[in-house]
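4 protein chains.
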Amino acid sequence: MGITLEQAQAAIQAAHQKSLELGVKMNIAVVDAGANLVAFARMDDAWLGSLDISIKKAKTARFFDMPTGDLGKASQPGGSLFNIEVSNGGLITFPGGLPITDSTGRVVGAIGVSGDSVENDHTVAEAGRVAVADR
Amino acid sequence: MGITLEQAQAAIQAAHQKSLELGVKMNIAVVDAGANLVAFARMDDAWLGSLDISIKKAKTARFFDMPTGDLGKASQPGGSLFNIEVSNGGLITFPGGLPITDSTGRVVGAIGVSGDSVENDHTVAEAGRVAVADR
Amino acid sequence: MGITLEQAQAAIQAAHQKSLELGVKMNIAVVDAGANLVAFARMDDAWLGSLDISIKKAKTARFFDMPTGDLGKASQPGGSLFNIEVSNGGLITFPGGLPITDSTGRVVGAIGVSGDSVENDHTVAEAGRVAVADR
Amino acid sequence: MGITLEQAQAAIQAAHQKSLELGVKMNIAVVDAGANLVAFARMDDAWLGSLDISIKKAKTARFFDMPTGDLGKASQPGGSLFNIEVSNGGLITFPGGLPITDSTGRVVGAIGVSGDSVENDHTVAEAGRVAVADR
Chain A
16 MGITLEQAQA
26 AIQAAHQKSL
36 ELGVKMNIAV
46 VDAGANLVAF
56 ARMDDAWLGS
66 LDISIKKAKT
76 ARFFDMPTGD
86 LGKASQPGGS
96 LFNIEVSNGG
106 LITFPGGLPI
116 TDSTGRVVGA
126 IGVSGDSVEN
136 DHTVAEAGRV
146 AVADR
Chain B
16 MGITLEQAQA
26 AIQAAHQKSL
36 ELGVKMNIAV
46 VDAGANLVAF
56 ARMDDAWLGS
66 LDISIKKAKT
76 ARFFDMPTGD
86 LGKASQPGGS
96 LFNIEVSNGG
106 LITFPGGLPI
116 TDSTGRVVGA
126 IGVSGDSVEN
136 DHTVAEAGRV
146 AVADR
Chain C
16 MGITLEQAQA
26 AIQAAHQKSL
36 ELGVKMNIAV
46 VDAGANLVAF
56 ARMDDAWLGS
66 LDISIKKAKT
76 ARFFDMPTGD
86 LGKASQPGGS
96 LFNIEVSNGG
106 LITFPGGLPI
116 TDSTGRVVGA
126 IGVSGDSVEN
136 DHTVAEAGRV
146 AVADR
Chain D
16 MGITLEQAQA
26 AIQAAHQKSL
36 ELGVKMNIAV
46 VDAGANLVAF
56 ARMDDAWLGS
66 LDISIKKAKT
76 ARFFDMPTGD
86 LGKASQPGGS
96 LFNIEVSNGG
106 LITFPGGLPI
116 TDSTGRVVGA
126 IGVSGDSVEN
136 DHTVAEAGRV
146 AVADR
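Chains as they are written, first to last, in my numbering: chain A, 16 to 150; chain B, 16 to 150; chain C, 16 to 150; chain D, 16 to 150.
Next comes chain A alone, as it looks inside the complex:
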């Protein structure tokens, strides 16, 4: 259903490589078009609490086909989607989750990264996303 294991592993590998370049320890998750886990990697000594967050970021990005940080803008107090995070068994709406599209622009899955600042989480997720989109 969408992304293949080969593509997912390519995304994991690219994100892992980017993490090494940045000197950060990440949890990296890739889900398919059904928002179910396809591949996952936790780097040695990465935060344990980021395991669940990385998977939830990937799911959130696919649930709404947008970067997790975009959803977070609307979930703040007073926002139109306030506290949407309690749905779906828990959403994560800060940066680090991105939909993955194939070469035709169709969403085939998503990647979620957690383990450092949200900026670095996003940068690593982007490296993984591009590895599939460019193939």
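Hints were generated in silico from the structure; no laboratory data involved. A hint or two may mislead.
[As the list claims (entries may be wrong)] Some but not every residue of chain A turned toward chain B, in silico, with C-beta under 10 Å:
hint: 1; residue: 58
hint: 2; residue: 59
hint: 3; residue: 62
hint: 4; residue: 68
hint: 5; residue: 71
hint: 6; residue: 92
hint: 7; residue: 93
hint: 8; residue: 101
hint: 9; residue: 107
hint: 10; residue: 134
[Unchecked claim] Calculated cross-link-like contacts (lysine-lysine; reagent style BS3-like; alpha-carbon spacing at most 25 Å):
hint: 11; chain 1: A; residue 1: 40; chain 2: B; residue 2: 88
hint: 12; chain 1: D; residue 1: 88; chain 2: C; residue 2: 40
hint: 13; chain 1: C; residue 1: 88; chain 2: D; residue 2: 88
hint: 14; chain 1: A; residue 1: 88; chain 2: B; residue 2: 88
[Claimed, not checked] Label pairs and their calculated CB-CB ranges:
hint: 15; chain 1: D; residue 1: 85; chain 2: C; residue 2: 119; range: 29 to 35 Å
hint: 16; chain 1: A; residue 1: 134; chain 2: C; residue 2: 81; range: 52 to 58 Å
hint: 17; chain 1: D; residue 1: 119; chain 2: B; residue 2: 32; range: 39 to 45 Å
hint: 18; chain 1: A; residue 1: 120; chain 2: C; residue 2: 97; range: 50 to 56 Å
hint: 19; chain 1: A; residue 1: 132; chain 2: C; residue 2: 118; range: 57 to 63 Å
hint: 20; chain 1: C; residue 1: 35; chain 2: D; residue 2: 85; range: 22 to 28 Å
In this text the structure is predicted, and so the values were computed from the model without any measurement. Ideal placement from N, C-alpha and C gives every residue a C-beta, glycine not left out.
Put chains B, C and D on the given structure of chain A with help from the hints.
Here is chains B, C and D on its own, set in the frame of chain A:
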């Protein structure tokens, strides 16, 4: 896997003693490096709702290797980690949870305390933490 | 509500001592009359999966004021309580959980032990139970 | 905390390779000594329901440091551990989960495989286990 039962019980005992000094009734939980419970004590007539909170504080402190209150600063509305609390089956991000390091500085577990003001929760947790760190 | 922390810790200590005598590594949990955790200890290198089981045994014993093994006799296929284990967030109905009564015979809590054979689990739980009942 | 990502990915790769040889489509999960996920791969068109089962098999094998099928022998009706499966958020006690030891014999994690017959699940898990044990 990290903290021993003997160390965990020493932390509980020190935190209990500090609670008696302060005249507060606490729930005190200690988890190991895998964030799994090692020792627990609920003082007579302590808030029942604080049982789960004390365990979640200990887990949260180990999940991210930082005081729970530090995480809470980033999870406020508009913060970079808004609503991170919905992850990992529920995080607690106000003070009262602290990582426990051994004499070499390695994180071997964490302590979580709940039952009074967050200031007192933190003070009691610190007493427990020190009992292990100083051994 | 029922058992005091002092009593619960006495039960834990007696059960721990019995475990050392038997050469087994146990998870030991004590709940109060409300079936909420009062004290807990996990011995070094005890099975990780027995953490939850010890707490569930203690809760189960208090939920029905009987040894967990007794309940298990009625929960077998064809029995009157078949698959009762799925209730209450999960019951454990094999031996190792015992109600704790005070000197007047009133149930004040329960103890649950897990980490070895069900016979040894029961023996250790009994050592903890007696430490309170005899006081 | 036990197994490294490099070891876990070696286990996944070996299990994947064995699955291709057998012509089966598997979900393959590896957890560390704390029973937390380290690496995961779902082969294209593998059963979706086996995703959760593979992770639960890996956790179960580490929770009790034994092959999941061994636990299942004791959890049958009339057995000493009847319905243990309701604990720990759900255990899987049929074959396909194996503890992973390092070269010194220490348990560093576990592998869980699901997607075909339990015999094939076990065979694939064994291929993954050996890839780490032999390094």
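Each hint, compared with the structure:
1. The criterion of a C-beta within 10 Å of any C-beta in chain B is not met by residue 58 of chain A, whose closest approach is roughly 15 Å, and the hint is violated.
2. Evaluation of the residue 59 of chain A hint against chain B yields a violated restraint, the C-beta minimum of about 13 Å exceeding 10 Å.
3. This hint holds: residue 62 of chain A has a C-beta 5 Å from the nearest C-beta of chain B, less than the 10 Å allowed.
4. Below 10 Å, beta-carbon pairs count as interface contacts, and residue 68 of chain A has one with chain B at about 5 Å; its hint therefore holds.
5. A hinted interface residue such as residue 71 of chain A counts as satisfied when its beta carbon comes closer than 10 Å to some beta carbon of chain B; here the least separation is about 6 Å, so the hint holds.
6. For residue 92 of chain A, the interface hint holds, the least distance from its beta-carbon to any beta-carbon of chain B being 5 Å, beneath 10 Å.
7. A cut of 10 Å between beta carbons decides the hint on residue 93 of chain A: the least distance to chain B is about 9 Å, and the hint holds.
8. About 6 Å separates the beta-carbon of residue 101 of chain A from the nearest beta-carbon of chain B, less than 10 Å, and the hint is met.
9. Checking residue 107 of chain A against chain B: minimum C-beta separation of about 6 Å stays under 10 Å; hint holds.
10. The interface hint given for residue 134 of chain A holds, since its Cβ lies 8 Å from the closest Cβ of chain B, which is under the 10 Å cut-off.
11. At roughly 22 Å between alpha-carbon atoms, residue 40 of chain A and residue 88 of chain B fall within 25 Å of each other, so this suggested pair holds.
12. About 22 Å separates the Cα atoms of residue 88 of chain D and residue 40 of chain C, which keeps this hinted pair within 25 Å; it holds.
13. Between the alpha carbons of residue 88 of chain C and residue 88 of chain D the distance comes to roughly 18 Å, so the proposed pair stays at or under 25 Å and holds.
14. Restraint check: the Cα-Cα separation between residue 88 of chain A and residue 88 of chain B comes to about 18 Å, which is no more than 25 Å; the hinted pair holds.
15. Restraint check, residue 85 of chain D to residue 119 of chain C: a C-beta distance of roughly 44 Å breaks the suggested window 29 to 35 Å.
16. At about 57 Å, the beta-carbon gap between residue 134 of chain A and residue 81 of chain C stays in the expected band of 52 to 58 Å.
17. As the Cβ distance of residue 119 of chain D to residue 32 of chain B is approximately 40 Å, the hint placing it in 39 to 45 Å holds.
18. Look at residue 120 of chain A against residue 97 of chain C: about 54 Å separates their beta carbons, and that is inside 50 to 56 Å.
19. A hinted range of 57 to 63 Å holds for the C-beta pair residue 132 of chain A and residue 118 of chain C, which are about 59 Å apart.
20. Residue 35 of chain C and residue 85 of chain D have their C-beta atoms about 26 Å apart, which keeps the hinted 22 to 28 Å range intact.
Violation of the numbered hints given earlier is confined to hints 1, 2 and 15; the remaining hints are satisfied by the structure.
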